[in-house]
Amino acid sequence: MKRDDIIEAFRHYPPNREAIALQRRIAETMTGTVVDIAAWLPAGRERSAFIDLCRQAQEMANAAAARTPEIPEVTEIPEEDPGVVRLGLEGAFHRATSDEPSFETRLDVPPGLYRRAVFHFSVHHGGWNVVPSRNHHLFWLARDRHRDLFGFGVAKGPGGPPQVFYRTDWGTRHTEKQRVVERYLMNAGETYDVCFDFDAGAGRIVFTLADAAGVELVHSVARPNVAEIPFTDGQKMAVGFGFRGEHDREPAQPGWVWSDLAIRLESGDA
Numbered sequence: 001m002k003r004d005d006i007i008e009a010f011r012h013y014p015p016n017r018e019a020i021a022l023q024r025r026i027a028e029t030m031t032g033t034v035v036d037i038a039a040w041l042p043a044g045r046e047r048s049a050f051i052d053l054c055r056q057a058q059e060m061a062n063a064a065a066a067r068t069p070e071i072p073e074v075t076e077i078p079e080e081d082p083g084v085v086r087l088g089l090e091g092a093f094h095r096a097t098s099d100e101p102s103f104e105t106r107l108d109v110p111p112g113l114y115r116r117a118v119f120h121f122s123v124h125h126g127g128w129n130v131v132p133s134r135n136h137h138l139f140w141l142a143r144d145r146h147r148d149l150f151g152f153g154v155a156k157g158p159g160g161p162p163q164v165f166y167r168t169d170w171g172t173r174h175t176e177k178q179r180v181v182e183r184y185l186m187n188a189g190e191t192y193d194v195c196f197d198f199d200a201g202a203g204r205i206v207f208t209l210a211d212a213a214g215v216e217l218v219h220s221v222a223r224p225n226v227a228e229i230p231f232t233d234g235q236k237m238a239v240g241f242g243f244r245g246e247h248d249r250e251p252a253q254p255g256w257v258w259s260d261l262a263i264r265l266e267s268g269d270a
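Position one of the sequence shown corresponds to residue 1 (the working numbering), numbered consecutively onward.
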C-alpha cells in the first residue's frame, strides 16, 4: 500500500479507542527498537532510509490517533424521560494541534419544537497564544449555521482586559448579535467545566464556568431573542471547538482539549 493510500485510509476510517491505545504503546517502545535495529544496519543510505521510514510510520500513527472519533448517533429518548433528546460526544473528542486546530460537526436532531437546549463539556486550557490578549475559542453552538446561534464563546488572556464572553441570537448577522462579557482570567493548564443553558421557554440564558472541583468561577445571565427552538426535518445541531488559525485575531490553539460533550434538548412535554 502506498503512503498516500495509508493517509487516505486514516482520513476516512479513524481508529477506535483500542487503536489509539495501541498507538500510544507503540510510541513508548518504538524509539528504543528503532535505535537497536538501526545499529545493526551499515551506516549510509540503508540506515538513513530505515530511520526515515520509521519516522513516517510514527507520524501517520500520530495523525491517526489525533483524528476525531466517529460521531455517535442520537441517543434514544428513555421512557422515563419523555420529551427529552440527548446528544453527545464521549471522551476527548478534540485535541487541538497545529495540523488539526479546529473541530466542527453536525449532529442529527429529531424534528420538533423544543423549549430548552443545555450544553455541557470540559475544556483543558492548553496555554495562551503568543499574543494572549487575542481571542481563544471555547465553543460554537448553532442550529445548522451561525445565523441561528445558541452561543459563540471566547476567552481573552493577559495583555488586555481578561475576559470570558459569548455572542448569541437567532436570525441576525454576527455583528448584530448580543455580546455578553464577564471579567475573568482563565489559567493555562487548568481544566474547566462549561455549561451553556439556552432556555428559550423561560426567556433565560445561563452560562457558567467551573473548576475541576466544581467551584463556580463565572456565572452569567442573559435573555435569548427567541421563545422556542424549532428543528425541522434535516436541520442539525452544529458544534465547533477551536479556531482554525486563519486570522491573526483568531489564532490556532494547540494543546487545548475538549471532552465529554453532552447536549440535552427539552420539548414542551419534558
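To be clear, the hints were calculated from the coordinates, so they are not data collected in a lab. All C-beta atoms, glycine included, are put in the ideal place defined by N, C-alpha and C. Honestly, I wouldn't trust all of these hints.
Derived DEER-like restraints, expressed as beta-carbon distance ranges [as the list claims (entries may be wrong)]:
#1 81 to 189: 34 to 44 Å
#2 218 to 46: 55 to 65 Å
#3 99 to 268: 41 to 51 Å
#4 46 to 145: 50 to 60 Å
#5 99 to 235: 30 to 40 Å
#6 182 to 203: 28 to 38 Å
#7 191 to 46: 22 to 32 Å
#8 189 to 219: 21 to 31 Å
#9 42 to 120: 53 to 63 Å
#10 146 to 42: 21 to 31 Å
Lysine to aspartate or glutamate pairs mimicking DMTMM-like chemistry, simulated, CA-CA at most 20 Å apart [what the hints assert, rightly or not]:
#11 236 to 193
#12 236 to 148
#13 177 to 193
#14 236 to 190
#15 177 to 216
#16 236 to 176
Each hint, compared with the structure:
no.: 1; hint: 81 to 189: 34 to 44 Å; in the structure: holds (37 Å)
no.: 2; hint: 218 to 46: 55 to 65 Å; in the structure: holds (59 Å)
no.: 3; hint: 99 to 268: 41 to 51 Å; in the structure: holds (44 Å)
no.: 4; hint: 46 to 145: 50 to 60 Å; in the structure: holds (54 Å)
no.: 5; hint: 99 to 235: 30 to 40 Å; in the structure: holds (31 Å)
no.: 6; hint: 182 to 203: 28 to 38 Å; in the structure: violated (20 Å)
no.: 7; hint: 191 to 46: 22 to 32 Å; in the structure: violated (47 Å)
no.: 8; hint: 189 to 219: 21 to 31 Å; in the structure: holds (23 Å)
no.: 9; hint: 42 to 120: 53 to 63 Å; in the structure: holds (58 Å)
no.: 10; hint: 146 to 42: 21 to 31 Å; in the structure: violated (59 Å)
no.: 11; hint: 236 to 193; in the structure: violated (24 Å)
no.: 12; hint: 236 to 148; in the structure: holds (11 Å)
no.: 13; hint: 177 to 193; in the structure: violated (25 Å)
no.: 14; hint: 236 to 190; in the structure: violated (31 Å)
no.: 15; hint: 177 to 216; in the structure: violated (26 Å)
no.: 16; hint: 236 to 176; in the structure: violated (23 Å)
Going through the hint list in order, the structure does not satisfy hints 6, 7, 10, 11, 13, 14, 15, 16.
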